[in-house]
Amino acid sequence: MKVLRILAAKSGQIVTIRPEQTIREATALLVKHNIGALVVVAEGEEKPLGIVSERDIIRQIAADEACFSDPVETIMTGHVITGTPQDDLYSVAHTMTERRFRHLPIMDEGRLVGIISIGDVLKAQRDAYRGEIDTREVQLQAGEY
Amino acid sequence: MSKPGTEENPLRVAIVGAGPTGFYSAEQLFKDRRYHVLVDMYERLPTPFGLVRYGVAPDHQKIKSVTKLFDRVAQRPEFRFFGYVEIGTDVTVDDLRRHYHQIIFTTGAQTDRNLNIPGEELKGSYAATDFVAWYNGHPDFRDCEFDLSVETASVIGVGNVAVDVVRILSRTPEELARTDIADYALEALRHSKIREVYMLGRRGPAQAAFTTPEIKELGELDDAVVWVPPEEAMLDPLSEESLAESADRATARKVEVIQSYSQEIPETTKTRRIILRFLVSPVEFIGDEHGHLQQIRLVHNELYKTDAGTLRPRATDREEIIPSGIAFRSIGYTGVPIYGVPFKSSWGVILNRDGRVIDPDTQEPLTGLYTAGWIKRGASGVIGTNKPDAAETIEAMLDDLEAGRTLEPDDPSPEGAEALVAARKPTYFSYADWQRLDEIEVKRGEEQGRPRVKFTDVHEMLEALEKEAA
Numbered sequence: 000m001k002v003l004r005i006l007a008a009k010s011g012q013i014v015t016i017r018p019e020q021t022i023r024e025a026t027a028l029l030v031k032h033n034i035g036a037l038v039v040v041a042e043g044e045e046k047p048l049g050i051v052s053e054r055d056i057i058r059q060i061a062a063d064e065a066c067f068s069d070p071v072e073t074i075m076t077g078h079v080i081t082g083t084p085q086d087d088l089y090s091v092a093h094t095m096t097e098r099r100f101r102h103l104p105i106m107d108e109g110r111l112v113g114i115i116s117i118g119d120v121l122k123a124q125r126d127a128y129r130g131e132i133d134t135r136e137v138q139l140q141a142g143e144y
Numbered sequence: 000m001s002k003p004g005t006e007e008n009p010l011r012v013a014i015v016g017a018g019p020t021g022f023y024s025a026e027q028l029f030k031d032r033r034y035h036v037l038v039d040m041y042e043r044l045p046t047p048f049g050l051v052r053y054g055v056a057p058d059h060q061k062i063k064s065v066t067k068l069f070d071r072v073a074q075r076p077e078f079r080f081f082g083y084v085e086i087g088t089d090v091t092v093d094d095l096r097r098h099y100h101q102i103i104f105t106t107g108a109q110t111d112r113n114l115n116i117p118g119e120e121l122k123g124s125y126a127a128t129d130f131v132a133w134y135n136g137h138p139d140f141r142d143c144e145f146d147l148s149v150e151t152a153s154v155i156g157v158g159n160v161a162v163d164v165v166r167i168l169s170r171t172p173e174e175l176a177r178t179d180i181a182d183y184a185l186e187a188l189r190h191s192k193i194r195e196v197y198m199l200g201r202r203g204p205a206q207a208a209f210t211t212p213e214i215k216e217l218g219e220l221d222d223a224v225v226w227v228p229p230e231e232a233m234l235d236p237l238s239e240e241s242l243a244e245s246a247d248r249a250t251a252r253k254v255e256v257i258q259s260y261s262q263e264i265p266e267t268t269k270t271r272r273i274i275l276r277f278l279v280s281p282v283e284f285i286g287d288e289h290g291h292l293q294q295i296r297l298v299h300n301e302l303y304k305t306d307a308g309t310l311r312p313r314a315t316d317r318e319e320i321i322p323s324g325i326a327f328r329s330i331g332y333t334g335v336p337i338y339g340v341p342f343k344s345s346w347g348v349i350l351n352r353d354g355r356v357i358d359p360d361t362q363e364p365l366t367g368l369y370t371a372g373w374i375k376r377g378a379s380g381v382i383g384t385n386k387p388d389a390a391e392t393i394e395a396m397l398d399d400l401e402a403g404r405t406l407e408p409d410d411p412s413p414e415g416a417e418a419l420v421a422a423r424k425p426t427y428f429s430y431a432d433w434q435r436l437d438e439i440e441v442k443r444g445e446e447q448g449r450p451r452v453k454f455t456d457v458h459e460m461l462e463a464l465e466k467e468a469a
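Just so you know, the sequences run in chain order A and B. Per numbering that gives the first Met the number 0, residue 0 is the first one in the first sequence, and the count goes up by one each step. Per numbering that gives the first Met the number 0, residue 0 is the first one in the second sequence, and the count goes up by one each step.
Treat the hints with care, since some could be wrong.
Have a look at the derived ranges for each label pair, beta carbon to beta carbon [said to hold, decoys possible]: (1) A:Gln140 x B:Ile264: 32 to 42 Å; (2) B:Pro236 x A:Asp63: 22 to 32 Å; (3) A:Asn33 x B:Glu186: 53 to 63 Å; (4) A:Ala61 x B:Pro236: 37 to 47 Å; (5) A:Glu136 x B:Asp31: 19 to 29 Å; (6) B:Asp31 x A:Arg110: 35 to 45 Å; (7) A:Glu53 x B:Ile264: 50 to 60 Å; (8) A:Arg125 x B:Thr91: 36 to 46 Å; (9) A:Gly43 x B:Lys122: 42 to 52 Å.
Here chain A is said to cover these stretches of chain B; the calculated rule only asks that three of the stretch's residues, wherever they fall, bring their Cβ under 8 Å from a Cβ of chain A [unchecked claim]: (10) 149-162; (11) 371-378.
Hints are computed from structural coordinates only; laboratory data are not their basis. All residues carry an ideal CB built from backbone N, CA and C; glycine is no exception.
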């Protein structure tokens, strides 16, 4: 199973923010789109500079209540790991779990095409298992396999 | 007017495509007792069940029994079937908008991607899906011809479809005669000279997409032995490490089965060989002077790990040439666009978000249009995987219904839609028509000790039902 399987049903669902935009703007975007992370991309670029997640924002608020006007580049996580639509979902799930990150921007031929969350990965895995169980049940009910 | 979904003003839904996802979608719609829903299912072919009938291998009848469930859905009074009606040509998407509140496209994925290598156009080079549709008696493919007079065949890809093709090529005529394989295919395969079938995977055993029961079954054929070169059955260090870390028992079991084929072949009277190859990619199809495929040039690959943790193949400088008089590419199904529905061709899917069809210009949902199954998420998973997928789309549809976001058809009456179909395609097939065909097919099968003998020609179907051919 490939990352493409998740991405295909998430058309246009990537929300980016520029590095100089504020934490206030980032918070508003997260709420508006009901998502957990934004990809930080410079004007006119495709390659992500970083990711800013709700966790990054909360951490900053706890440290400095007056942070809302700061640019997101001060709190973003740089060195983003990116994936491709052809990545194996199980490998990606393993990498996200082991390395403890929850959002993976997806690049396709140099273009930013989407972002998948650990929740998307879990849902795809759950549906795959449910589907397999369902189909094996049908076979069992029909007699020997 | 009140929101549709009541007894007086039922929600009218068109489902386009009568494969498993179409039926799972209908089932899911009927499950929700809050709404009164009337479903019309449109299908390009006269017969329902899509890839269950024309994709699932004829020697896998148990899987096909899922149609019993679909049949129960179809028997409901709130369900109608319009077979042999193509959306986009016979009836347009705009026509449907005039008769339904919501439209779901569940047209699946029908063709194989190309390899894009030199020689792919040679005679003897085919898409596995064409061969599959042909041996399953698909009316559009019954006239295909496959040259089975060669001794060596190759199947490129290591998914379950690739395994199906390998198995059908390697079964004896006696084994095949017990199935519902198309008569003409049975006859052609009876004269097949193919004795050696390669199955080629570009990555290693741990990354093969086929499932364990399918690969085990290859080892149980009446007249074929399976062999894997020991050095290709071994896991490379990266795969070894990744498998140990993930503790993925299903993959470990699959690797075990593959490795069991790498022992020296014992003395056997079996006359056919299946050779599984790993870490090789075809780079060129080589033909003879008449343009017939003769050989395949392979490059050996090594694996490397991407940032996201996937093991990907990378070509080395080691090459090899194998004999192959016929080749079937099976590197993934891709969908076909429908006129009037936004499509993302690089991924082969309808542009969508959680099943809502998306306008490419605004990135906003197009009112009333939805998609589910392979045409929504790409070809992946088994038949049952489409059930949770359909459920997600139906949830989006019912949420939109609650929010008052549906189409406002001029004539939502069931009679209106039926009149349209009857005018555009007088020879359309109802579900009752299918049940009669089904009965005849099963009866013909009983006489020969087979599950059924399929109709493969639309004219024959029309004749059997005494319908006037158009």
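Hints versus structure:
{"no.": "1", "hint": "A:Gln140 x B:Ile264: 32 to 42 Å", "in the structure": "37 Å, holds"}
{"no.": "2", "hint": "B:Pro236 x A:Asp63: 22 to 32 Å", "in the structure": "47 Å, violated"}
{"no.": "3", "hint": "A:Asn33 x B:Glu186: 53 to 63 Å", "in the structure": "59 Å, holds"}
{"no.": "4", "hint": "A:Ala61 x B:Pro236: 37 to 47 Å", "in the structure": "43 Å, holds"}
{"no.": "5", "hint": "A:Glu136 x B:Asp31: 19 to 29 Å", "in the structure": "23 Å, holds"}
{"no.": "6", "hint": "B:Asp31 x A:Arg110: 35 to 45 Å", "in the structure": "39 Å, holds"}
{"no.": "7", "hint": "A:Glu53 x B:Ile264: 50 to 60 Å", "in the structure": "59 Å, holds"}
{"no.": "8", "hint": "A:Arg125 x B:Thr91: 36 to 46 Å", "in the structure": "37 Å, holds"}
{"no.": "9", "hint": "A:Gly43 x B:Lys122: 42 to 52 Å", "in the structure": "49 Å, holds"}
{"no.": "10", "hint": "149-162", "in the structure": "violated (count 0)"}
{"no.": "11", "hint": "371-378", "in the structure": "holds (count 3)"}
Violated hints, in rising order: 2 and 10; the structure is consistent with all others.
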